[in-house]
Structure formats: C-alpha cells, structure tokens
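K.L.:
What follows is the residue order along each chain.
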Amino acid sequence: MRVDAPFERRPLIGLLLRVKMRSLYNRANKAADEAPIRLTVSVLLVGLIWFALYFMFDLVFANLERTPLEATVALPLIFNFFFMAMLAMLTFSNAIIAYGAMFGKNESSYLLTSPLTPLDVVTLKYIESLVMASWALVLLGLPLMVAMAGLVDQSNQLLFYGLFLAFFLAFIPIPGALGLFLAWLAARVFPRRATRVVSVLIGVAIMVSVFWGMRSLQTSDDAMEIWLRNFQSRMRFLRAAFLPNNWVASGIDHAIRYRFSEAFMYLGVTIANALFLSWAVVRFVARYFDGALDRAMVGRGEGVRYVPAAGGGMTGWLFIYLPKPLRIIATKDLRVFMRDPLQWSQLAILFGLLFLYLSNMPTLRIQLSGAGWRLMMPFLNLCAVSLILATFTCRFVFPLISLEGRKLWLVGLLPMKRSRVLWAKFAFAMTITLAVAMSAMIMSLIVLKLNLFWSITHLAVVASICFGLCGISVGLGARLPMYEELNAARIANGLGGTTNLLMSVVLVAMVLTGVGLATWRSRFLPFMETPEVSTIAMCVFSVSLSIIVGVVALRIGGKHFAKAEV
Amino acid sequence: MTDEMIDDNLAVSLQGVRKCYGSKVAVENLTLELKRGELFAFLGPNGAGKTTTIKMIVGLLQPNKGEVRVCGHHVGTNGLEAKSQLAYVPDQPFLYEKLTGREFLYFVAEMYNLTKEQRTERIATLMERLDFSEYIDHLTENYSHGMKQKVVLAAALLHEPTVLVIDEPMVGLDPRSIRTVKNLFVERTRAGGAVFMSTHTLDIAEAVADRIGIIHRGKLVAVGTLEQLKSQAQKDHSLEEIFLGMTEATDAC
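Heads up: the sequence lines are chains A and B, in that order.
For the first sequence, our numbering gives the first residue as 1, with consecutive numbering after it.
For the second sequence, our numbering gives the first residue as 1, with consecutive numbering after it.
I should point out that these hints are in silico values taken from the structure, not numbers from a laboratory.
A hint or two may mislead.
Listed next, with one range per pair, are the computed distances between beta-carbon atoms [unchecked claim]:
(1) A:Lys563 <-> B:Glu110: 46 to 54 Å
(2) A:Arg339 <-> B:Glu141: 53 to 61 Å
(3) A:Leu502 <-> B:Ala124: 49 to 57 Å
(4) B:Glu141 <-> A:Tyr321: 39 to 47 Å
(5) B:Val25 <-> A:Tyr483: 38 to 46 Å
(6) A:Val411 <-> B:Leu80: 28 to 36 Å
(7) B:Asn183 <-> A:Ile328: 35 to 43 Å
(8) B:Asp203 <-> A:Arg339: 36 to 44 Å
(9) B:Glu110 <-> A:Ala62: 28 to 36 Å
(10) A:Glu34 <-> B:Lys65: 49 to 57 Å
(11) B:His145 <-> A:Arg27: 55 to 63 Å
(12) B:His145 <-> A:Val131: 40 to 48 Å
The calculated DSSO-like cross-link candidates involving lysine-lysine, where the alpha carbons are at most 30 Å apart (straight line), are [to be verified]:
(13) A:Lys407 <-> B:Lys116
(14) A:Lys407 <-> B:Lys148
(15) B:Lys148 <-> A:Lys20
(16) B:Lys116 <-> A:Lys20
(17) A:Lys332 <-> A:Lys417
(18) A:Lys20 <-> B:Lys98
All of these numbers come straight from a predicted model, not from anything done at the bench.
C-beta: ideal position from N, C-alpha, C; glycine also.
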C-alpha cells in the first residue's frame, strides 16, 4: 500500500517556549502601553510586600541571633516546617495548574493535532505550571535569603546568596513533578470531577495538618522542658532522610554554619532527585497522556447530571425573603457557586481552618483567664473573620457583575429595573457571607463565654462588615467592571479588583479600629459590667459606618449599571 | 486490517469504530472512507456524533473499538505521521491571544518545518485570498469570530495538508469569505487533497461536496453522492428534505 513518507521527528519544545516568551513580551508591552499606572502600582505593591517581608525576617533572625542556643534548635525546625509546607502547597498548586493546562484548555487539543509529540506538549505544560505555581515562592524567598545573609559574615555572603538561590531552584521541580503526576492521575481516575476531587483533597490535607499542629501545641500538665522534648520528638518525622524538605533545610543550615562541603552535598542530592523525578514523571505522563486526555474528554462529554429538587430545594428557600425576580437571579448565582469547587472550596477551607482553631482554643497554651485577654481574644477572632470575608468578597463577589454583563442581553431585558439586578447579587453575597461568618462568631463567643453586651456587639459588627463588604464589592463591581473578561481571577486582579481590595481593607481597618478602641477601653472593666456610653458610641459608629459605606457603594454601582452598555 | 489491504488512494479510513461516553454510545460501528481528491460533508443533528468522529480522526479521542487511519497511518499507534498529513480546524478556533496573526502563522510554519521562502509566499497568498492583511499585525485577542476563523483557516492550509478536517467552517464568515473558503476547499481537492467537513449549512454541503454522509444517534444512516442520497430517499428533493426525512425516519425506528 502507499503510505506517505515518514515525517521528520524533531523536538519542538524550543519553538513552543519561544512562542510563550513572545506572548509574555507582548503582554508586558500591552500593559505598559495601555495601563502604565496599574503596572506601576503593581510593581510598587510587590516592592512594598517584599520590603515588609525582609524587615519581618530580619527581625526574627536578629532575635534568634541573640539567643544562639535557641537558634541552634529552632532554625533547622523552622526551615523544615517551611519547606515541608512549601512541598505540600506547591504540589497541589502545580496539580491544579497542570490539570487546567493539560486537560482543560483548547491549547493542548490544538497542539496535539499538530506534529508535536506528547512529550513536547507535556514538557511545555510542566514548565508552564512550574513557573506559574512557583514564582511566588522564589519572590518571597528572596527577602528571606537577604535577611538570612545577615547571619553569615560578609566574606561568605556572596556564596551564601548563590547557594540559597540554587537550593530554591533545585527544590521547586520536586513538587512540580509530583503535581504533574497528580494532575494526570486525577484525569485518569476522576475524569468527571477532577477539580472537585483535587479541591477536597487539598481541604482535607490542610485540615489534617492544622489539626495535627494544634494537637502538637496543646497544653499538658508537664513541665515546659518535657513538653518541648515531646514536641521535638513528634516533629522528628520532618527530618526523615528521604524528604526533600530535609535536604534543603539541612543544606541551608550547614551553609549558615560555614560547612560548605555538607551544604554542597545536600544541594547535589536535591538537584539529582529533582532532575530524576522530573525526567521520570514527564516521560511517564507523556507516555500515557493520550489515554488520560481521552478519559478527561470523555468525562466532560458524559457531564454531571443535576436534577433540581422540588421547589428549588435549599437554594430556593434560602432566598424566600426576596421578591420572585430577584430570588430567581440569586438562586441561579448560588447554584453556580455550589457547582464551582474553586469558589466553595476556598471559602470552606478558610472558615474550616477558623472553626478548627476556635474549637481548639481551650486546649492551646494561651492564658485566657486574664481580664484583658477575655476581650482581646474575641476581638482578634473578629479581625480574622473580617479579613477572610474581605478576601472572599474581593475574589468572588466583585467579578459577579462583570461576568453577568456578558448576559446583559438576557438580564437587561427582564421586566424590572436594571439596578435591581445588583440587589439580587447583593442578597446572594450577603446570605453566603452572613451564614458562615455568623456561625464562626457565635462559636467564638460560646467558646470564650463573652457577656451579652460584647456578644451582641461582635455579632452586629460582623453583620455590618458583611453588609459593607458585599455592598462595596457589588457596587464597585458595577462601577468598574471588566465586561470583556471571562476569567473571574483576572477580573479580581484588574484595576477595579485592586481598588475594591483597597476599599475593603480600608473599611475593615476603620471598623475594627473603632471596635478595637472600645475593646481597649473596656479591658480592665469587671467582666459583667456594661461599658460607658462613649465606648458604646464607638461600636455604634463602627456598625453605622459599614452600613453607610455599603449603601453608598450600591447606589453608585446601581446608577452606573442602569446605563451600562456592553 | 493490515497495511497491505488498505487502498493507496485512501485519505481517511474509519473501520468499525465505536466510541462511548460512559454508558452513552456516541458513535456506533462507523465505517467510512474518504479518498484523496474528495470533499466530504458530514451532516447530522446536534449530538449525533459528528465532533466525536472528527476528534477520533485527528487523534484527540481514542475509539473503544475499530481503527482510524489517515493516509495509511494508524492514528493510535503512528500518530505523528498521521498528524503531519492533516490539518484540523475546530468549531471554536484556537489562537494565542497575546500573539499577532502574523506571529501565529510564523509559529505554525515553523512547526511544519517550512522554509522561509515557502512561509513568506504562502502567508502572502492566503492573506490576500482570505483578506485579513488589515489586522494581521494586531493581537488576536481583539479579533472577531470571523477574523479568528480566517487566520485559523490560513494556518491550517499553510503546510498544504493532504487531509483537511474542519468543523463548521463557515460560522462567522461574511458571504465573500464563504465563497473564498469554498473555492479553497475545491482547489485543495483538485490538488489531490481531501476535505472532511462537518456542517449544519446544508446548502454549502449541497453545492461543494462530492459525497455526503448523514450521522444520527451515532450511526451512519446514509452516505453517497447527492444523487445517490436522493435515490436512497426515493425523492427528488433538496438535501434539507432528505436530511430531515432520514433523521426523522431513524427516530421513528
């Protein structure tokens, strides 16, 4: 039979990387041309974070240097913890990014129909996910590195910088390769619900680690020395010889103590393992890539069948207080939220950690019986809840209007005022945030046995912060939308999203300053006594401020949305 | 089937192909052959199995049963050789958003190992014929669907593939571009290539296709020239009437 001449096989990974670099260059060029202010603000903010981290690390190391004995014990443990946490976090973030890049995007399908081998495609996706998942580690590692250089004398600093950077770069391919393998496994084993499974796994891993950490720190009647010995013994597994975090931590520890030959030995071990693991995993995934892609595509083709419960089920009655047209929109948003693991899992993980922390509070080595702490602890919990709420509303509530803008042909033609769409979005966001935040606060108040006045105050503040944050995110979402963008993460990271984040943080800071001052003034009052009128006024002011800001933001957004052209 | 038994002239061959999505059978026992120099239109209602068939031809999906060959190369075991002979244009055109149209075409040309002269000449010809020179140096993220479709089509034709597999080629194109694309397809087949086109636009299939296949619920219910389909349907009607009649008849069964 006639078979056309064999195609000349040649590796095209170089060409693919060149195209990616060109895309990056064009992206940077465009950003510099079209949004120079945004670019400058981003660079300044990164610089600010960088310097803040540097000073924080510098302070920690300076303190450790003053107590050499503690430093000898603590430093290797800190490094081991740090790199173990990095290993877990980077493995999961690489898995999520690699899964999306290999099985969720049109690009893979396109490349696989061109004369590229699966090895080219998998290598490209491996490098891509490695860069996207790990750049933050390198960026955050730099201030750590510079601060640590203060521990070594000047003549060795240059060598130390080089070694530290080499350890970071040698370390990141290990979680990268593990993540790539996890992504492939998810496509093979759970093709229909891969993202959901990975999200749940991450959640469970975080919960188990935090629970274990809490248990390790819990009080006992033992003396401090015995407790410390037990704690060290529990942490021994972190130093297992086969764990990559131990190679890096030991290498850096040796470098600080000028034992460079040992440091280089550990660097060699890390590089050799990283290279071998990357080579083996990339080859393996490429070898069985066709099958995994087929499973993932078939899984998507099968789809997941959702049968709505009678009367709309839980999603229906949650918004029973809304008029019907608004209820329909809010119910639709709630369904989308519950079917997107990326959204609910982040909220579940953040609040899950908070609940875990609250439930373990009585067993922690913290003295809660002092009058000051009795009020300060719930206040700190209030701060934590407020900041988590701000993160959630900025990431998930703010993009709602921009994403809805694409369907304005539908929503805009509904027989109601356009601005009422915003109220539906607001009601949806408020219901979700209020439900989780109030539960967390009620638990905190019960655990800490707060009196009636402060219980009511804290609940009112949380409710008002929910109102204010949801109002800002919905209002600014309508005032500074990105209708052309389909990616919620990009909308949240845009100029409007950054403004929203700043406004939200400012609101939270203002409200908490008011409540914080009131708490400070009352810290030495007898526990059951009602505070002075001026203290009560501070709390009322904080609550009112949040509500007013929310209403104003909603009105501004409503006016703009009524005239929006998409 | 062994290599010796395959017709030299076959561009695409599907033999007893079956593909399932879980318990749902998307394509059932599909046997279909497309010769070099032939323009084949693949018709069927939504969810009939057209895109699944196309994805098996281009190697994105693996059949549960049967085999798929492109220019004699087994797509499953000899994918690189098969892919070097074909070009695929999906219903949702893919372009790198942060590349210009020209940069994208250069990238494709380099992937297929074209020389600088071949690249320059072919891009200039396609640019002129498909009329996209005006926006070739703009980032593709700003293109309309029709513009994207033109650039993707040009990229597919750049290496003069033996087999062009194309899913809904005319969506988003203006009438002039539709005419150009039809002519390009016909020229491709006259040059010895084969075009496998899935479409819902029946009048285009009627106008340019040498043979037409109708798939319904995963099964090939009819295949042949327009005349053969008419005689099979025992009606001297338009393709639309034949298509509706055949898919309804299968539903009744």
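K.L.:
Given the hint that Lys407 of chain A pairs with Lys116 of chain B, does the C-alpha gap stay at or below 30 Å?
P.N.:
violated, 45 Å
K.L.:
Do the Cβ positions of Lys563 of chain A and Glu110 of chain B conform to the proposed distance bound of 46 to 54 Å?
P.N.:
Once the Cβ atoms are compared, 48 Å apart, the range 46 to 54 Å for Glu110 of chain B and Lys563 of chain A holds.
K.L.:
For the hint 28 to 36 Å, verify it against the beta carbon of Val411 of chain A and that of Leu80 of chain B.
P.N.:
violated, 48 Å
K.L.:
Do the beta carbons of Glu141 of chain B and Tyr321 of chain A sit within 39 to 47 Å of each other?
P.N.:
Given a distance of about 42 Å, which is inside 39 to 47 Å, the answer is holds.
K.L.:
Is the gap between the beta carbons of Arg339 of chain A and Glu141 of chain B within 53 to 61 Å?
P.N.:
Given range 53 to 61 Å: violated, Cβ gap about 28 Å.
K.L.:
49 to 57 Å was suggested as the range; check whether the CB atoms of Glu34 of chain A and Lys65 of chain B agree with it.
P.N.:
Holds, since Glu34 of chain A and Lys65 of chain B (Cβ atoms, about 53 Å apart) stay within the stated range.
K.L.:
Honestly, do His145 of chain B and Val131 of chain A meet the 40 to 48 Å range at C-beta?
P.N.:
Between His145 of chain B and Val131 of chain A, where Cβ atoms are some 31 Å apart, the hint is violated.
K.L.:
If you draw a straight line from the CA of Lys116 of chain B to the CA of Lys20 of chain A, is it 30 Å or shorter?
P.N.:
Holds, at about 21 Å.
K.L.:
Does Lys407 of chain A pair with Lys148 of chain B here, judged by a C-alpha cut-off of 30 Å?
P.N.:
Holds: Lys407 of chain A and Lys148 of chain B sit about 22 Å apart, inside 30 Å.
K.L.:
Compare the distance between the alpha carbons of Lys148 of chain B and Lys20 of chain A with 30 Å, and conclude whether the hinted pair is satisfied.
P.N.:
Holds: Lys148 of chain B and Lys20 of chain A sit about 19 Å apart, inside 30 Å.
K.L.:
Taking the beta carbons of His145 of chain B and Arg27 of chain A, is their distance inside 55 to 63 Å?
P.N.:
At roughly 22 Å between Cβ atoms, Arg27 of chain A and His145 of chain B fall outside 55 to 63 Å, so the hint is violated.
K.L.:
Regarding the pair Lys332 of chain A and Lys417 of chain A, is the alpha-carbon distance no greater than 30 Å?
P.N.:
holds, 18 Å
The structure does not agree with the numbered hints 2, 6, 7, 9, 11, 12, 13 stated previously, though it agrees with the rest.
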